[in-house]
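Enquirer: One-letter residues, chain by chain:
2 protein chains.
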Amino acid sequence: MTAEVITLPRAQPSLDPMLALTATAMNSVNRVILDRMQSEIPLIPTLAGHLISGGGKRLRPMLTLAAAELIGYGGNRHHKLAAAVEFIHTATLLHDDVVDGSELRRGKAAANIIYGNPATVLVGDFLFSRSFELMVEDGSLRVLKILSNASAVIAEGEVDQLTAQRQIETSEERYLGIIGAKTAALFAAASRIAAVVAERSEKEEEALDAYGRNLGIAFQLVDDAIDYDSQAAEMGKDAGDDFREGKMTLPVILAYARGDEDERQFWRDAIAGRRSGDEELAEAIRLVRKHDAVAATRERARHFAQRAAEALSIFPDSKARAAMVEAAQFAVSRGY
Amino acid sequence: MTAEVITLPRAQPSLDPMLALTATAMNSVNRVILDRMQSEIPLIPTLAGHLISGGGKRLRPMLTLAAAELIGYGGNRHHKLAAAVEFIHTATLLHDDVVDGSELRRGKAAANIIYGNPATVLVGDFLFSRSFELMVEDGSLRVLKILSNASAVIAEGEVDQLTAQRQIETSEERYLGIIGAKTAALFAAASRIAAVVAERSEKEEEALDAYGRNLGIAFQLVDDAIDYDSQAAEMGKDAGDDFREGKMTLPVILAYARGDEDERQFWRDAIAGRRSGDEELAEAIRLVRKHDAVAATRERARHFAQRAAEALSIFPDSKARAAMVEAAQFAVSRGY
Chain R
1 MTAEVITLPR AQPSLDPMLA LTATAMNSVN RVILDRMQSE IPLIPTLAGH
51 LISGGGKRLR PMLTLAAAEL IGYGGNRHHK LAAAVEFIHT ATLLHDDVVD
101 GSELRRGKAA ANIIYGNPAT VLVGDFLFSR SFELMVEDGS LRVLKILSNA
151 SAVIAEGEVD QLTAQRQIET SEERYLGIIG AKTAALFAAA SRIAAVVAER
201 SEKEEEALDA YGRNLGIAFQ LVDDAIDYDS QAAEMGKDAG DDFREGKMTL
251 PVILAYARGD EDERQFWRDA IAGRRSGDEE LAEAIRLVRK HDAVAATRER
301 ARHFAQRAAE ALSIFPDSKA RAAMVEAAQF AVSRGY
Chain Y
1001 MTAEVITLPR AQPSLDPMLA LTATAMNSVN RVILDRMQSE IPLIPTLAGH
1051 LISGGGKRLR PMLTLAAAEL IGYGGNRHHK LAAAVEFIHT ATLLHDDVVD
1101 GSELRRGKAA ANIIYGNPAT VLVGDFLFSR SFELMVEDGS LRVLKILSNA
1151 SAVIAEGEVD QLTAQRQIET SEERYLGIIG AKTAALFAAA SRIAAVVAER
1201 SEKEEEALDA YGRNLGIAFQ LVDDAIDYDS QAAEMGKDAG DDFREGKMTL
1251 PVILAYARGD EDERQFWRDA IAGRRSGDEE LAEAIRLVRK HDAVAATRER
1301 ARHFAQRAAE ALSIFPDSKA RAAMVEAAQF AVSRGY
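Order-wise, the sequence lines are chains R and Y. Quick note on numbering: the working numbering labels position 188 of the first sequence as 188, and the sequence is numbered without any gaps. In the working numbering, each number is its position in the second sequence, counted from 1, plus 1000.
Calculated directly from the structure, the hints in this document are not laboratory data. For glycine and all other residues, C-beta sits at the position ideal for the given N, C-alpha and C. Hints should not be assumed to be uniformly reliable.
Claimed, not checked - Ranges of calculated distance between the beta carbons of each label pair, as one might list FRET restraints:
| hint | chain 1 | residue 1 | chain 2 | residue 2 | range |
| --- | --- | --- | --- | --- | --- |
| 1 | R | 274 | Y | 1107 | 49 to 57 Å |
| 2 | Y | 1272 | R | 286 | 49 to 57 Å |
| 3 | R | 113 | Y | 1109 | 24 to 32 Å |
| 4 | Y | 1278 | R | 56 | 58 to 66 Å |
| 5 | R | 76 | Y | 1303 | 42 to 50 Å |
Claimed, not checked - In silico DSSO-like cross-links for lysine-lysine, where the CA-CA straight-line distance does not exceed 27 Å:
| hint | chain 1 | residue 1 | chain 2 | residue 2 |
| --- | --- | --- | --- | --- |
| 6 | R | 57 | R | 319 |
| 7 | Y | 1108 | R | 80 |
| 8 | R | 145 | R | 203 |
| 9 | Y | 1057 | Y | 1108 |
| 10 | Y | 1319 | Y | 1057 |
| 11 | Y | 1108 | Y | 1290 |
| 12 | R | 145 | R | 290 |
| 13 | R | 145 | Y | 1145 |
| 14 | Y | 1080 | R | 145 |
Said to hold, decoys possible - If you want the footprint, here are the derived chain R segments under chain Y, 3+ residues with CB under 8 Å:
| hint | segment |
| --- | --- |
| 15 | 32-45 |
| 16 | 107-121 |
| 17 | 304-318 |
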């Protein structure tokens, strides 16, 4: 058989237009990131670099860059601030890995496994401090306010998630509150700050905030759906981590709500950690599928992605807007 | 025997004059602390309160308040900033307890023992974010710069200390670099920011920075001396933690440098963790005493305390200055 490469027409929404839109500016952001994660203490750039160069999508700084394109900002202050956003995100990932006892992150051994929990916590603290140094250099108190508030809200969301862990009675409303805080707050802030440095109206700030916030919720919902999606699992993604950790996510909340008494007893035992082996994971995936809970979670995500796209309607049509709308569609279609 | 209470004349330097000097303002700072550690997530004030109301001396915010008295600052902006300083300190203590696997903090079970590592890391993150929110509310970019830089330096110092752990070849110079970063940087920043809000000269800022920095080094040296001081141990203080963790502190560095080849072999084994039981701790204390390494560490502390006091010579004599000088003397005499 001869190899013939056929490029299919793009059947699915993609992040590619947003990647293309922001590629040049992202090079500048990456230079700031690499420059500012340095330290005289060699372990700091080594550990930070393990995660930072580990193939993340840079989604949050990409939002800052895309929003700047959308509103036609001509300066470069947002490069430093986008790097600050990525540092905040990286710090939370490092601390999350310690909190969850993760073994893998982005398909590689997690930093805590290689370098230990102590160094991982401390390098997270360093990156977090460094992010504030970057913001202070930029000098906008409004940006500092937005991002310091987002950081506090993220931490609150993470603690709230911890408190809800292994609590089968967690409601959909509380779950939405948790992901709104731990994930969407930084998406919202990353988008909003582009309008702040460009000195655009409060209305534009709020539109970008709404875009980022709804997009963040959509991404998190789909992440949580994928963890119970056996098709995604067959495609080589890790599935079942949330289940084993007793994390309350929407697929479980819906399957539990829609289940009969026997099924509810299963979920109580499983989420409490009394039965959460491979056999129980298979049963959980079966129940989630039986009640269409992955599909329903994706439907919820579609709702928020729609709101994200709609929030951009105050801006004139442009390549940037189209790319951002497609990113919202992409958020929903991932992992199919 | 009848009980007769005799108040001895104060034979030793004390922190009392500084406590008295700052008592009223500290009430305001405590109100900010209690108000701003609140959150809708109940675990956050519970966990933070465990440490914050756990009887710490509030030494760092006290420096901000004392420095403000010294320079005659009449406003109240420094109350919020002193609370921010205490939040940074509390966040680092929470993370330190996770990093060190501490079981005790200030004589009580450490937060990580009661609430677990995950919540302890995340509440530390929350307090750290909250400290920046407080600074942003105050609105001074200079203060933000000083404290964000101090935070990054603290994290670097902690990582450096981690890297030096169990490394017998750590030099006195490197040790001084570590404690200058992990401890003295926040003492320096806490003192300096009083001059910033009072809009005093660079010279006064630098004098206060030097006071705080040298005082911080003196405090840390004496802390490290006490850990090898069997007299202090007999007085009910915990001793030997540093030894068991293989932390390289000045008493060990000096005893190792002054020891013969057999003694050096003992230290190599002990610090590497090959032999660090109670018997070895007793031997370590014996060797430290044999070489006067605790006394020499205290002598180093005296040198830095002297520099701290001298740095205040640019200010006219006052009750505040006398209290701050006595605090430096107190730093050296603690635990005798």
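Enquirer: Now, for every hint given, state plainly whether the structure supports it.
Expert: Quick rundown of the hints versus the structure:
{"no.": "1", "hint": "R:274 / Y:1107: 49 to 57 Å", "verdict": "violated (37 Å)"}
{"no.": "2", "hint": "Y:1272 / R:286: 49 to 57 Å", "verdict": "holds (52 Å)"}
{"no.": "3", "hint": "R:113 / Y:1109: 24 to 32 Å", "verdict": "holds (28 Å)"}
{"no.": "4", "hint": "Y:1278 / R:56: 58 to 66 Å", "verdict": "violated (47 Å)"}
{"no.": "5", "hint": "R:76 / Y:1303: 42 to 50 Å", "verdict": "holds (48 Å)"}
{"no.": "6", "hint": "R:57 / R:319", "verdict": "holds (20 Å)"}
{"no.": "7", "hint": "Y:1108 / R:80", "verdict": "violated (43 Å)"}
{"no.": "8", "hint": "R:145 / R:203", "verdict": "holds (18 Å)"}
{"no.": "9", "hint": "Y:1057 / Y:1108", "verdict": "holds (15 Å)"}
{"no.": "10", "hint": "Y:1319 / Y:1057", "verdict": "holds (20 Å)"}
{"no.": "11", "hint": "Y:1108 / Y:1290", "verdict": "violated (33 Å)"}
{"no.": "12", "hint": "R:145 / R:290", "verdict": "violated (46 Å)"}
{"no.": "13", "hint": "R:145 / Y:1145", "verdict": "holds (14 Å)"}
{"no.": "14", "hint": "Y:1080 / R:145", "verdict": "holds (15 Å)"}
{"no.": "15", "hint": "32-45", "verdict": "holds (count 6)"}
{"no.": "16", "hint": "107-121", "verdict": "holds (count 4)"}
{"no.": "17", "hint": "304-318", "verdict": "violated (count 0)"}
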